Amino acid sequence: AQSVTQPDIHITVSEGASLELRCNYSYGATPYLFWYVQSPGQGLQLLLKYFSGDTLVQGIKGFEAEFKRSQSSFNLRKPSVHWSDAAEYFCAVGPTHSGNTGKLIFGQGTTLQVKP
Amino acid sequence: DVKVTQSSRYLVKRTGEKVFLECVQDMDHENMFWYRQDPGLGLRLIYFSYDVKMKEKGDIPEGYSVSREKKERFSLILESASTNQTSMYLCASSKGDGEAFFGQGTRLTVV
Numbered sequence: 053a054q055s056v057t058q059p060d061i062h063i064t065v066s067e068g069a070s071l072e073l074r075c076n077y078s079y080g081a082t083p084y085l086f087w088y089v090q091s092p093g094q095g096l097q098l099l100l101k102y103f104s105g106d107t108l109v110q111g112i113k114g115f116e117a118e119f120k121r122s123q124s125s126f127n128l129r130k131p132s133v134h135w136s137d138a139a140e141y142f143c144a145v146g147p148t149h150s151g152n153t154g155k156l157i158f159g160q161g162t163t164l165q166v167k168p
Numbered sequence: 016d017v018k019v020t021q022s023s024r025y026l027v028k029r030t031g032e033k034v035f036l037e038c039v040q041d042m043d044h045e046n047m048f049w050y051r052q053d054p055g056l057g058l059r060l061i062y063f064s065y066d067v068k069m070k071e072k073g074d075i076p077e078g079y080s081v082s083r084e085k086k087e088r089f090s091l092i093l094e095s096a097s098t099n100q101t102s103m104y105l106c107a108s109s110k111g112d113g114e115a116f117f118g119q120g121t122r123l124t125v126v
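Sequence lines, in order, name chains A and B. Just add 52 to wherever you are in the first sequence, counting from 1, and you've got this note's numbering. Just add 15 to wherever you are in the second sequence, counting from 1, and you've got this note's numbering.
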């Protein structure tokens, strides 16, 4: 079955520290890969996406993610966390075949808390 | 600026009421989605639509229906609201490459 797993439900880091959020997926083929962020009371905003090519992708707000095919992973990283990064983060996968409807499968989410 | 607009941020409804959640997008996207978000469960797909008047069930369609009479508008209908439908509802649209644009969400409470 197709699925996305974010092993960490809740992570706390100190401001200025580095961050890595984990994402593993189970899919029939290499899918499109996404990371979204949700601030409290808001909708989801796209941080970055991987379609093909370079396996290290850069996103907004200083985030990056690395696709590792052998590990079926797409982990999100940031070198130095800011207090404004406190939010919930979702990893998602979607099909790559032509004419796809863009239907995504989401992970359970990871809540990031930032300590001053 | 691209936009997906949900008609209400907060709703309180009574058990048994018929509830309509409205969503409008201004990006001319073919695909529109309704998700339900609950703590620890992530986003679960209720229904999606890939064209006007076309719809498909998602993972949790029971107790819901949808309507898409115009390309820009996608409505979610709770035929008879129940307390277990208290949740955050998110609408999204996509042009088909998987990148979805989300509305602000509607927090529905059924009492």
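No lab work stands behind these hints, which were simulated from the structure alone. It is possible that some hints are incorrect.
To be verified - Using 30 Å as the maximum straight-line C-alpha spacing, the simulated DSS-like pairs for lysine-lysine come out as follows:
| hint | chain 1 | residue 1 | chain 2 | residue 2 |
| --- | --- | --- | --- | --- |
| 1 | A | Lys155 | B | Lys70 |
| 2 | B | Lys28 | B | Lys72 |
| 3 | A | Lys120 | B | Lys110 |
| 4 | B | Lys72 | B | Lys33 |
| 5 | B | Lys33 | A | Lys101 |
| 6 | A | Lys113 | B | Lys70 |
| 7 | B | Lys68 | B | Lys18 |
| 8 | B | Lys72 | A | Lys113 |
| 9 | A | Lys101 | B | Lys18 |
| 10 | B | Lys85 | B | Lys110 |
| 11 | B | Lys86 | A | Lys155 |
| 12 | B | Lys110 | A | Lys167 |
| 13 | A | Lys101 | B | Lys28 |
Keep in mind it's a predicted model, so treat the numbers as computed, not measured.
Quick rundown of the hints versus the structure:
Taken as a hint, the Lys155/A and Lys70/B pair is honoured in the structure, with Cα atoms around 12 Å apart against an allowance of 30 Å. Taking the CA atoms of Lys28/B and Lys72/B, the gap is about 24 Å. The hint holds against a cut of 30 Å. Proposed proximity of Lys120/A and Lys110/B is supported: the alpha carbons are some 26 Å apart, at most 30 Å. In summary, the hint linking Lys72/B to Lys33/B is supported, as the alpha carbons are separated by about 19 Å, within the 30 Å threshold.
Only pairs whose Cα atoms come within 30 Å are accepted, and Lys33/B paired with Lys101/A is rejected, the gap being roughly 38 Å. Distance hint between Lys113/A and Lys70/B is unfulfilled; the C-alpha atoms sit about 35 Å from each other, more than 30 Å. Of the pairs offered as hints, the one joining Lys68/B and Lys18/B holds, with about 22 Å between alpha carbons and a cut-off of 30 Å not exceeded. For the proposed pair Lys72/B and Lys113/A, the alpha carbon gap of about 35 Å is over 30 Å, so the pair is violated.
Taking the CA atoms of Lys101/A and Lys18/B, the gap is about 19 Å. The hint holds against a cut of 30 Å. In summary, the hint linking Lys85/B to Lys110/B is supported, as the alpha carbons are separated by about 16 Å, within the 30 Å threshold. In summary, the hint linking Lys86/B to Lys155/A is supported, as the alpha carbons are separated by about 17 Å, within the 30 Å threshold. Between Lys110/B and Lys167/A, the direct Cα distance comes to roughly 38 Å. Violation of the 30 Å bound is thereby established for this hinted pair.
Pair hint Lys101/A plus Lys28/B does not hold up; C-alpha atoms about 37 Å apart against a cutoff of 30 Å.
Comparing the model with each numbered hint stated earlier shows that hints 5, 6, 8, 12, 13 do not hold.
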